[in-house]
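Visitor: Take a look at the letters that make up each chain.
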Amino acid sequence: MFSDADSGSLKLDQGVHIGDCLRLPDQRFDLNLVDERSRFCLRVRETHVSAFAKASGLALPTQVGTTRQDENALIMCLSPDEWLIIAASESKDLIKRKTDQFKSAPFSLVDVSHRNVAFTLRGEGAAAMVNVGCPLDLDLKAFPVGKCTRTIFERAEIILYRPAETEFHIEVWRSFAPYVLSVLSNGAQAQ
Amino acid sequence: MRYSVRSLFANALSGHKNWPEQWPDATPKKSYDVIIVGAGGHGLGAAYYLASKYGVTNVAVIEKGWLGGGNTGRNTTIIRSNYLYDESARLYDHAVDLWDGLSQELNYNVMFSKRGVLMLAHNVHDVQSFQRHIHANRLNGVDNQWLTPEQSKEFCPPLDISSQKRYPVMGGALQKRAGVARHDSVAWGYARAAAQLGVDIIQNCAVTGIKRDANGAVEGVETEKGFIAAKKIGVSAAGNSSIIMNMAGLDFPLESYPLQALVSEPVKPIFPCVVMSNSVHAYISQSDKGELVIGAGTDQYLSYSQRGALHIIEHTLAAICEIFPIFKRMRMLRSWGGAVDVTPDRSCILGKTPVQGLYVNCGWGTGGFKATPGAADLLAYTIAKDEPHPINAPFTLERFTTGRLIDEAAAAAVAH
Amino acid sequence: MMLIECPVCKEKRPELEFRYAGEAHIARPEDPDALSDQEWAKYLFIRSNPRGTHFERWVHAHGCAKFFNAVRDTVTDKFVMTYKCGEARPSPEQIAERQS
Amino acid sequence: MSQYRRTKKGRVDSRQQISFSFDGKTYQGLKGDTLASALLANGVHLVGRSFKYHRPRGIMAAGSDEANALVAFDRGEARVTPNMRATTLELYDGFKAQSQNNWPSLNFDVTAINDRLSAFFPAGFYNKTFMWPKSFWDKVYEPAIRATAGLGPAPKAADPDKYDANYTHCETLIVGAGPAGIAAARAAAKKGGRVILVDEQGELGGSLLSAPDQKIDGQPAWDWLAESLAELDAAENVTLMPRTTAIGYYHDNFLGLAERLTDHLPEDAAEGPRERLHRVWAQEVILATGAIERPLVFAGNDRPGVMLASAAQTFLNRYGVAVGEKIAVVTGHDSAYKAAFDLSDADIEIAVIVDCRAQVDQKLIAEAEKRGISLRTGHTVTATKGRHRVKSITINKVNGDQVDPAGETLECDALIMSGGWTPSVHLWSHSKGSLQWRDDIAAYVPDKPNENAICVGACNGDFGIGAAMAAGAKAAGGDHTFDVDDTWPWTGAGTLEILPTHRDESRIKAFVDFQNDVTAKDIRLAVREGFKSIEHIKRYTTTGMATDQGKTSNLNGLQIAASALGRPVPQVGLTTFRPPYTPTTYGALAGNNGGAAFDVVRKTSIDGWAEEHGAVFEPVGLWRRARYFPRDGEDMHQAVAREGKATRDSLGIFDASTLGKIEVVGPDAAEFLNRMYTNPWTKLGVGRCRYGLMLGEDGYIMDDGVIGRLADDRFHVTTTTGGAPRVLAHMEDYLQTEWPDLDVWLTSITEQWAVIALNGPNARKLIEPFVEGVDLSSDAFPHMAVRECKVCGIDARLFRVSFSGELGFEINVPAHYGRALWETLYAAGQQYDITPYGTEVMHVLRAEKGFIIVGQDTDGTVTPYDAGMSWAIGKKKKDFVGKRSLARPDIVAEGRKQLVGLMTKNPKTVLEEGAQIVMTPNQSIPMEMVGHVTSSYWSETLGHSIALALVADGHDLKGQTIYVPMPDEMIEAEIVDTIFYDKQGEQLNVF
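Protein chains in written order, with this note's numbering: chain A, 593 to 783; chain B, 22 to 437; chain C, 87 to 186; chain D, 311 to 1301.
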């Protein structure tokens, strides 16, 4: 009876809406929702990282807090044995296939595409907005371009990544996103 | 000199030059029948009850700092007894019975103010948990009643009971005979009354060791002022209890955490009762002086520094502003920290120890002040009779081995 | 708010990212059933709670998510050092050297 | 312009008149005035009443050390701020404030009777009385005490203002923008790195603002200041923060800075947040917090018109206000002479300089002579007169230890005083830096640091401006020295605790703590009564506990106490400095954490649908969950009955997305679960599920959930909603610290999957058309099975599980498809009368089946045995977390509370959850309670109430009658099995 019960039938909704208060005309920053992505949590023992990278062709950054971006994906090293892989939504199978090439030791790849939503904050005032709730030092010396880390934003855990000097990419678990927006919004109105 | 309106009047006429010392500075004797380590409310009270109720007057209280300077003088003075388990309810209700009438007994106004303690429920689980308390309390003869949000607001007008809040007030459990007291006066009142009965109060005298005989029984304490002999030693040292017990070769299931509190500037009466909210970690009352007295949560790590972090205060005041939006413009005048000793089940250890002649009263966590007269009396009883009173009998050290814990916090449990 | 050096991230980070995880170097017994009730209670509940040098566990919960160990003075709250899980408890000499 | 304004002096702008009101009366001030300076310019000295005796009080200081002049700052009804210092309130046009703590008026205050009766209210009087009759304390005494206590008005309405907070990092934080702080900031700016310079005042400059005739490097001070500030303002790496108080200095160079943003602006010009809390980590902290002048302690030193000499100097030099026309000076310190000379040079008559010292620097004598000022060295002040303002003082000669009783009365309209200077070591002390006593200045100064901090200038006891500036520059890595005329004498005998007098000291009121009405005799009384620790004296007398936290009173109190104790000050010690430095608004400390940002509210992807369909929600942990979906005026009871029946009869749909989910992956996954859960996992087949029970190491039930095996090395673990973070942390703890050798990894997938539970006989029929690649027949896909498949073309994990006892499926789809799938199923389900239900029905249905809810039927003290779940324990397993604890004596002893079912004798009676249970009804209080009701519902399906309860030895009491005593009745019930509905489980297998 539901003949169109195929992949085209369900509407995708990240469920997050950026309020007007974050689009005040004279803001020194711009906040946008990142659209649908594939995300994977990859766990490989430190001793197998290079073999894994070789076999899979995924260039894993090995220093905690660093990122690697190539044509396949953006890969953040969050811990010596943990990576967040962010790729285009249609690249899901590609990433799986690549990781499946590694057979010499156990590892864990878990699809977390919908666990997170992401925002970008761009502009001169972006760092100050992040510091409304995040206690890290965002000076370029302390938090250079390319750095990523899991951290805290008031009561929500986030992953903070700096793709450019005045740009931040914030990953947050989807149900925490409205809270992060509330705090940002309070902070934006206070700027 | 007995305190009275008459004595106050007479001394006023003589320029207050003839008031005697409330307690003399004692020089330690060579030996005592009982030594109490720790001159907080609990320790001084134990000495007082030893002398007044149990006929043991050759008693010294030894204190490393100044009497009443630990958690007695640092807490938010909430007194209540609406605990869930029979054991706890009896223990705290015994204390409340003694609070009532303590001023007259000590001839020292400790300003016990039965203004009522209202505990707020913010979710269905809180409501269930409070109902369980109320039923248990009723059958134990402990007063505790359920208030609807509207009744809660009537009892405490500054409360915001609008339902659209993140933590709406879904009602509250009110214990009417609960309240607050003036913390310093409790220590001073016991010190004065004990001293009048012959108890020696020895301040600025840290205990450095506990001496035991060949059979392991205690012989006395080593202190900064030399050895003092006693066959019975009661330890009532709050955050420092582990340290003292270690001196007797005992390891204890205790950890000491920083706990902070704060007061506002004084304003005219606005807050008639005590309100506690466990869900958002806020405890508030208004002192007779007019200050809002607010208790914060503990810091997460073990510490004796008696200082805490600012973010704990921030969270507490965010919670206060959320429940009482009219206080947002009030100003924090002073904040401070103490070290609270916490057991695995967050109930006290009050009784004998494996060492003969050594008695302990510790592990009160964040709730020791309310128990002061009760704990003091029961410690005195246990020392005098060398066996626990039925009320404190369940609060043994052994319960951590056998598994008979008294876990009030666990019983408040967590959401499903 | 304390700054804590995560031995995994090798950075000092605000305490807000960390969770305290109790006393360190208390290994779970290999064979719990072989323990007496007293010995089991000691493992479960007895803690040193010292004034001064304390060996304790933290987890960089909102960071690399790794548990690690720390030596900290409980009177001053100052960290003497942090080190990874599984590394040996520092000797008194090592601690003294770090404190000087 | 009033007679007290000196238009040629000060930094106020005489062209900008400002109208303001105090106590309803309108006055004129100037742009740049504080409320205090403007009131003084209008000749108003009486501004408040003291705390205890309600004595008339005036303005004593010129800054945040003010103890007397507290007012209610009025920016509209919801914006009244009590206890604001008149000396720090910046005036704007339309400014309004009221006096406090008086009735009916400031001039005539009825409660001032307390002052007449003060002999009966010495320190600690309340400990000695109000005890009889006993019942009077609650009803009479305490209400009366409370009504007279308090200072400012209590708030009346919710504060409409916003507050803000942020985190900041810098290399150099400098607190105090006086000469030392500015010198430090200039050096730090050159050194590089981020520099923050904060000052509590609206204008940066500190003491330089009151010293126009000072020269620095050849420039007039104010020119030098303007140039320096311009230089700093232009420096990219420097942030200047006026109106910002460093409130506290915490661990690891973390400080709180409270910035006031709008209180100095007219109400209609105030935009944005009122205050902002900056939470700052600094690599180094330079404290240039200055020093506070001490009052002298003598009879009548609190009268309006009596003030600190430096305050009078500031009012003149910075605000262009003469605090009187004929001013007397009493001092023990050289600094007051300069104040007197500045006043004299502005054509204000100096009635006399009384110096309690016998010997005074020749330069001072010469300068006084030059101005024709009468100087009385070796004299004392023994009395002042004047009801609302000082009118005269009595001075007496001091000969050695004797005071000549023959006094001389001199008229004056102000008396300025100096008892020396107290370095402001508050922040240094917050940071746990140590202090040492300096006899020469009679004050404590910084000794050893505990953090990377340094004190420079007056707060370090270095009073010369040149030396302070050099120290500031050096602290910031500079080597600049400054050419400053620094030869002015600066010594003083701060060591006198009270001015000598011939009068009976037990009869006079010589104030130490002005706000709290603590007199010297109160402190002596405390010592006499055995209070020998300074902390005791503070608490007994309340000295130093007023809203100024003893800024002006601590050292005077300490010296009086030391003298009464017969001990030197360092042996008496010092009370602890406690944050904040000045009172700090709750709103600022709460920061951005208000309203929706107060705490996280987690919503599922289906929550919006529930909201649109009228769901009533309940918070569960951080989540909000739909509790029930009332239709057309239904109450909860009716809605629950309907939703439950519809589910059992046909089909219910439930949002189970909040359940915690953890993906456990790796070859050792089964072994890891063996250790973490009581149940065995090794033999669980791929595609099958099992209920898992997790214990804490103490043996008590911690969590539960269904666990499905997706592959040999991959498990999908579910947890309770509230327990998810705790369970993951618990697992990680064991994995990382006890068993790091196991090849297994844990990933939280709670938010990855939206979970839609379909329960009821028609569940399979509904989903069949949408599911690809799974044979849903009971043989192929039995109860407790799991498959990875596609649902509506989306990758899904399909569970056949049931928490209701009905045929049940849980469809997991990636969260962003959750709502769309729900809507699809809901539309398709119309033919089965599909009914959305909430947590309340979920609870009822599971209780009918006797399934526990961890946290409701267990409470952290319940073992698997107690819960009747021995079946969940893998008997062959050698070990799992919590196993050993289950063998402890009191865990296996008799008398433990065990989970049972209850059926009330009257089937209509629904027990209250939490109600207590007794075995015999006719007991007196206290009753012997044997347990309590953990869950209780009306079962529409069964037509009677059902309950679960924990009862002592309950497993052996089946069939017995128990009693539930309620306030108005005794309810009888029978102990029964915990499974009420479909004991054989036939409903699970409907076709």
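Hints are not guaranteed to be accurate.
Distance ranges between label pairs, derived from CB positions [claimed, not checked]: (1) Ala-182(C) with Leu-732(A): 35 to 43 Å; (2) Ala-238(B) with Arg-184(C): 38 to 46 Å; (3) Lys-186(B) with Ala-174(C): 25 to 33 Å.
Below, computed lysine-lysine pairings styled on DSS-like, alpha-carbon distance capped at 30 Å [what the hints assert, rightly or not]: (4) Lys-438(D) with Lys-38(B); (5) Lys-842(D) with Lys-38(B); (6) Lys-733(A) with Lys-128(C); (7) Lys-128(C) with Lys-842(D); (8) Lys-695(A) with Lys-98(C); (9) Lys-289(B) with Lys-466(D); (10) Lys-733(A) with Lys-690(A); (11) Lys-128(C) with Lys-739(A); (12) Lys-98(C) with Lys-842(D); (13) Lys-646(A) with Lys-164(C); (14) Lys-501(D) with Lys-96(C).
If you are wondering where the hints come from, they were derived from the structure by calculation, not from laboratory data. For each residue, glycine too, the CB sits at the ideal point set by N, CA and C.
Visitor: Now tell me, hint by hint, if it's right for this structure.
Guide: Going through the hints against the structure:
1. Ala-182(C) with Leu-732(A): 35 to 43 Å: 38 Å Cβ-Cβ, so the 35 to 43 Å window holds.
2. Ala-238(B) with Arg-184(C): 38 to 46 Å: holds (41 Å)
3. Lys-186(B) with Ala-174(C): 25 to 33 Å: Since the Cβ atoms of Lys-186(B) and Ala-174(C) sit about 51 Å apart, the hinted range of 25 to 33 Å is violated.
4. Lys-438(D) with Lys-38(B): holds (15 Å)
5. Lys-842(D) with Lys-38(B): holds (17 Å)
6. Lys-733(A) with Lys-128(C): Violated, at about 48 Å.
7. Lys-128(C) with Lys-842(D): Violated, at about 43 Å.
8. Lys-695(A) with Lys-98(C): The hint is violated at about 37 Å.
9. Lys-289(B) with Lys-466(D): holds (11 Å)
10. Lys-733(A) with Lys-690(A): violated (35 Å)
11. Lys-128(C) with Lys-739(A): violated (44 Å)
12. Lys-98(C) with Lys-842(D): Roughly 44 Å between the alpha carbons, so the hint for Lys-98(C) and Lys-842(D) is violated.
13. Lys-646(A) with Lys-164(C): violated (43 Å)
14. Lys-501(D) with Lys-96(C): OK: Lys-501(D) and Lys-96(C) at ~27 Å, within 30 Å.
Violated hints, in rising order: 3, 6, 7, 8, 10, 11, 12, 13; the structure is consistent with all others.
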